[in-house]
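Enquirer: Those letters in the sequence shown? Residues 100 to 217, per this note's numbering, in order.
FYI, nobody ran anything at the bench for these hints, they're computed from the structure.
Honestly, I wouldn't trust all of these hints.
[Unchecked claim] In silico EDC-like links for lysine to aspartate or glutamate, alpha-carbon gap of 16 Å or less:
id : residue 1 : residue 2
1  : Lys157    : Glu117
2  : Lys157    : Glu211
3  : Lys157    : Asp188
4  : Lys157    : Glu215
[What the hints assert, rightly or not] If you anchor each label on the Cβ, the simulated ranges turn out as follows:
id : residue 1 : residue 2 : range
5  : Leu193    : Ile166    : 27 to 33 Å
6  : Ser104    : Lys136    : 17 to 23 Å
7  : Gln165    : Pro139    : 25 to 31 Å
8  : Tyr103    : Ala148    : 50 to 56 Å
9  : Ser184    : Glu215    : 45 to 51 Å
10 : Gly189    : Glu161    : 45 to 51 Å
No residue lacks a Cβ here, since even glycine has one placed at the ideal position from N, Cα and C.
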Amino acid sequence: MATYSLANERLRILEEIEREIAAILLNAGNVILELSKEKPNERLLDRHASQFTTSMQKVESELSGQIRYLTQVATGQPHEGSSYSARKDGTMALNRIDYARVKLAELCRTCEQMLEQP
100 MATYSLANER LRILEEIERE IAAILLNAGN VILELSKEKP NERLLDRHAS QFTTSMQKVE
160 SELSGQIRYL TQVATGQPHE GSSYSARKDG TMALNRIDYA RVKLAELCRT CEQMLEQP
């Protein structure tokens, strides 16, 4: 159940980011609209610009957190609800065993050749 709630939390955060991006676009549009007027209202312009900046900082922060999380998951570091790291470790162990078998077979052949020489 922890994995399910973690996934829901990630989706909720992404939905919040999406809403903030919509707010960014709205505030940018309001700034442009205000600037297009013959006499822009400075206070209104400052308020929209401030809201734009605040939303941008929030989106940047949240997206950075999401990217860090995805990087951690993709690199195989253990995290809650994943067996990727364990599978990766198991696969690497099997590869090392196969490599050791090949090297032992080569060593065995070399020893046999050395023993056959007079």
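Enquirer: Work down the list of hints and note, for each, if the structure agrees.
Expert: Hints and how they fare:
Restraint check for Lys157 and Glu117: the C-alpha separation of about 11 Å stays at or below 16 Å, so the hint holds. Taking the CA atoms of Lys157 and Glu211, the gap is about 69 Å. The hint is violated against a cut of 16 Å. Between the alpha carbons of Lys157 and Asp188 the distance comes to roughly 37 Å, so the proposed pair goes past 16 Å and is violated. A threshold of 16 Å between alpha carbons decides the hint, and for Lys157 with Glu215 the separation of about 75 Å lies outside it, so the pair is violated.
Distance hint check: the CB atoms of Leu193 and Ile166 are about 32 Å apart, consistent with the given range 27 to 33 Å. Taking the beta carbon of each, Ser104 and Lys136 are about 48 Å apart, not inside 17 to 23 Å as hinted. A hinted range of 25 to 31 Å for the beta carbons of Gln165 and Pro139 is inconsistent with their spacing of about 36 Å. In this structure the supplied range 50 to 56 Å is violated for Tyr103 paired with Ala148, their Cβ-Cβ distance being about 41 Å.
For Ser184 paired with Glu215, a C-beta distance near 47 Å keeps the hint of 45 to 51 Å intact. Checking the proposed 45 to 51 Å range against Gly189 and Glu161 shows it is violated: the Cβ atoms sit about 35 Å from each other.
Comparing the model with each numbered hint stated earlier shows that hints 2, 3, 4, 6, 7, 8, 10 do not hold.
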